[in-house]
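> The residues making up each chain are set out below.
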Amino acid sequence: MNGQKPKLVGPALIGGAVAGILSGIPFVNCLCCLWIIGGAILASYLLAKDSPVNLTAGDGAIVGAFTGLFAAAIEALIAVPFQAMNVAFFQKVMERLAEFSKEMPAGWETWFKRGEAPFSIAWFFLGLVVSAAIFAALGALGGIIGMSLFGKKTPPPAPGITHETPQDTGHSQS
Amino acid sequence: MNAKKISWIYSASLLGILGWLGAIWLAPYLRSRGAPLGKFIYLCFSPICHQIPARSFSFVGYPLAVCARCLGIYFGFLAGMVLYPFVRGFSTVRLPKARVFLAFTAPIVVDTVANFFHLWETSNVLRLSLGFLWGSLLPFYFMTGLAELALKGIKHIE
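Chains as they are written, first to last, in our numbering: chain A, 542 to 715; chain B, 21 to 178.
Keep in mind that the hints were calculated from the coordinates and are not lab data. The C-beta atom is built at its ideal place from N, Cα and C for all residues, glycine as well. There could be a bad hint or two in this list.
What the hints assert, rightly or not - DEER-style ranges, computed between Cβ atoms:
| # | chain 1 | residue 1 | chain 2 | residue 2 | range |
| --- | --- | --- | --- | --- | --- |
| 1 | B | Lys117 | A | Ala663 | 38 to 48 Å |
| 2 | B | Pro56 | A | Ile662 | 16 to 26 Å |
| 3 | A | Phe666 | B | Leu35 | 22 to 32 Å |
| 4 | A | Ile662 | B | Pro127 | 40 to 50 Å |
| 5 | B | Ala170 | A | Lys548 | 18 to 28 Å |
| 6 | A | Ala663 | B | Gly39 | 19 to 29 Å |
Bound-form chain B, shown alone (with noise of 0.2 Å):
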């Protein structure tokens, strides 16, 4: 029963991921054809990115929705999602070690920082591999969240 309930969190979050990753490339899509919905889908990323073309790889001539930094992660995200189960299968869930999550996060956290102080400029190949690391690492902490509020509740706060 567990094992199911896990593989259902893991199809929705599989086909979540898909689909965020979709809308990102369907914005410049609908943006080259004059279509409003691809306005509307800049907007609905504006918040969680910055946006800038130059930091942006590009599709049929327009930016993507997101810049190479964030695509890195989703992309990272989707490929962490197509290794969860053979790597921790359906019938458990573990967090990783605190120390894991810490080599996956720094080197894109020096790279943000470094950047963001003008230390050195990265290119946008750099980004998107940075990205994809730490990226790599979210759907085991992602999954065993929402395994864990699905399989025991809430019992602890309120």
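Excised from the complex, chain A in its bound form (with noise of 0.2 Å):
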């Protein structure tokens, strides 16, 4: 039988950190899903590269969906201080550096719109449930795709064959 089966969890922390900081923050969102996409590429990466056995595209999809949760709530937490109750203050940060610099990052100025409501911990926790599910399903698509790149890959089985893991990480079978 094969030794220890891999943690998602640290894979999917890495992969949900990079994509939900990055997500967060309005001078390098304008990637929009691509990030969380990315970061679910990188945690299927470094769950594949330590794995004894072939991953599938099940198994991105599940570190995948982790990252996406992961993600969802770094973002929440990155985002916090651009809502209603710190926006005068980075809005007047932006429109000072915009009286010096020549090239602003086009639409900024609607950067600050999305705190535009009064911040509660009901919309908070609200928004966070909808964006938990919505990373959630962008994750599994692309912790399937980084598996599809990085997972290792095993020709399919000759027909009445049984399916045997193969042996090219050095990890011996006991």
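Hey, can you piece these two chains together into the complex? The hints should help.
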């Protein structure tokens, strides 16, 4: 039998942190959903590289979904400074920057419209729940893509022959 | 039995993307009617899209809930879902080859990075088109992953 199964929590946390932080910062979140997918691909890579067995697209979907969940939580925390109670401060900072800088990111004035509504705990948690569902779906997609790129592949078994785990990683089977 | 499970997953996914696209168009409509739900829909999409009006198409005088690139990705996803039964069918699941992924992904990555660093400015139509190209490949990953999960479960990770 094989040794330990790789744990998905570590790779999902790392991928989720990268995706969540980059998604929450207005300067760089212009890549939209690609950060979540990219974070999930990273998680798949981290999971696959230490796995003693070939991982499947289904494994990628799971680690990607967890990556999305972690990313949603981290993004919600990162985005708190841009809520209404702090938007005035950051808007002033950006307006001063615009006075001296010739090139400002396009549409920067609209960044702070996200925080127009008064911040409330209810909105925060409602947004977190919806984000978690959306990020999990996107993360699952990214995880599947990542596993297709980095998961070790085995040839399909011949008919009537049971598939065996290949020994290509140096891990010996006991 | 496998084909039936895969077809159920396909149907649910197809309904999902139709609902997703519907919400994108519903947001500006509700906003034009002054309905608070419109603002909530915009809020739901805000974590995954910058929603910059200048980079978004409009409907009934208000920007859609996502930008042109994201809209292209989601429309492409729908197109890929429509094509999926004809390309793969429901009796087997298989991931696309890596070179196919790279070929479909390279244009949108190059364009996105170039716009980010202000190397050039891309029109909304071209953003939509590149997003559509990439999005059309994604169902072939999404369906495979969900089908494998449903058919084989989680065996190799914990």
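> Taking the hints in turn, state whether each one holds.
So, going through the hints one by one against the coordinates:
1. Lys117/B <-> Ala663/A: 38 to 48 Å: 47 Å Cβ-Cβ, so the 38 to 48 Å window holds.
2. Pro56/B <-> Ile662/A: 16 to 26 Å: Given about 18 Å between the Cβ atoms, the range holds.
3. Phe666/A <-> Leu35/B: 22 to 32 Å: holds, 27 Å
4. Ile662/A <-> Pro127/B: 40 to 50 Å: holds, 43 Å
5. Ala170/B <-> Lys548/A: 18 to 28 Å: holds, 23 Å
6. Ala663/A <-> Gly39/B: 19 to 29 Å: holds, 24 Å
The structure shown violates none of the earlier numbered hints.
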